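A.B. asks: Sequence:
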Amino acid sequence: MQVNELTPEEIAFLTASPAAPNDLQGRLTGKLAAVLSARLHSPVSLAERPSAATGSTSNQPIWQIDPALSTLWTTRRLGGQHVGGKATFVPSSLVRVLDATLAECWLDVKRSSPLPASLAWRLASNEAVATLAVQLPHHTHEMTRWAQEAIRHA
1 MQVNELTPEE IAFLTASPAA PNDLQGRLTG KLAAVLSARL HSPVSLAERP SAATGSTSNQ
61 PIWQIDPALS TLWTTRRLGG QHVGGKATFV PSSLVRVLDA TLAECWLDVK RSSPLPASLA
121 WRLASNEAVA TLAVQLPHHT HEMTRWAQEA IRHA
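Numbered by my numbering, the letters in the sequence shown go through residues 1 to 154 in order.
No wet-lab data here; the hints were simulated from the structure.
Mixed in with the good hints there might be a few duds.
[As the list claims (entries may be wrong)] Across the chosen pairs, the derived CB separations fall in these ranges:
(1) Gln25 / Gln60: 13 to 23 Å
(2) Gly84 / Ala47: 17 to 27 Å
(3) His141 / Glu9: 32 to 42 Å
(4) Arg122 / His82: 21 to 31 Å
(5) Arg39 / Ile151: 12 to 22 Å
(6) Ile11 / Ile62: 39 to 49 Å
(7) Glu10 / Ser45: 12 to 22 Å
(8) Ala100 / Ala47: 20 to 30 Å
(9) Arg152 / Ala38: 19 to 29 Å
(10) Ile11 / His138: 37 to 47 Å
Just so you know, these numbers come straight off a predicted model, no measurement behind them.
Ideal placement from N, C-alpha and C gives every residue a C-beta, glycine not left out.
Assemble the whole structure, with the sequences as input and the hints as a guide.
C.D. replies: As structure tokens, this is what we get:
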């Protein structure tokens with residue numbers, strides 16, 4: 001059996017150092033891009049943005065999803081190819097996917113650094129450009145409790 005040579009992209013992937021184990025936003029950015037790309041059947045890229053939002057007063061994360069992402073999610077999940085119009089609601093299935101992804105990343109990250117108040121991204125795909133943000137609880141133990149519960153119910 002003949003083994004093919006690795007492409008430059010494969011070599012770069014295999015030699016890249018993993019994200020720092022306590023870099024929540026870095027790990028979450030990559031994971032969200034992969035999950036959203038898979039669920040939307042379309043390449044999605046996420047770029048971290050500074051977030052001006054304060055932390056959540058709740059004991060769980062609160063997602064801020066703009067209408068462009070809601071519309072893209074609804075259209076693609078229903079099998080549509082062309083995104084048009086504007087969704088006036090946030091699909092609960094999108095929130096569940098985001099929650100599960102955040103919970104997995106949170107439980108994987110070493111929690112030596114303080115919890116950021118919020119995280120934000122600019123999302124780009126072939127069909128839309130959108131923003132996504134999440135406000136996080138003030139205390140790491142609340143976040144851990146929420147993440148464990150979210151994983152249990154996923």
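A.B. asks: All the hints need checking, so say for each whether the structure fits it.
C.D. replies: Hints versus structure:
1. For the pair Gln25 and Gln60, the supplied restraint of 13 to 23 Å holds, since their beta-carbon distance comes to about 18 Å.
2. Between Gly84 and Ala47 the beta carbons are some 25 Å apart, a value that agrees with the proposed interval 17 to 27 Å.
3. Hint check: His141 to Glu9, Cβ distance near 41 Å, so the stated range 32 to 42 Å holds.
4. Taking the beta carbon of each, Arg122 and His82 are about 22 Å apart, inside 21 to 31 Å as hinted.
5. At roughly 18 Å, the beta-carbon separation of Arg39 and Ile151 lies within the given 12 to 22 Å, and the hint holds.
6. Checking the proposed 39 to 49 Å range against Ile11 and Ile62 shows it holds: the Cβ atoms sit about 41 Å from each other.
7. A beta carbon spacing of about 20 Å between Glu10 and Ser45 agrees with the range 12 to 22 Å that was offered as a hint.
8. Distance hint check for Ala100 and Ala47: the Cβ-Cβ separation is about 22 Å, which falls inside the suggested range of 20 to 30 Å.
9. About 23 Å separates the C-beta atoms of Arg152 and Ala38, a value consistent with the hinted range of 19 to 29 Å.
10. Separation of Ile11 from His138 is about 43 Å and conforms to the stated range, judged on CB atoms against 37 to 47 Å.
When each numbered hint is compared with the structure, no violation occurs for any of them.
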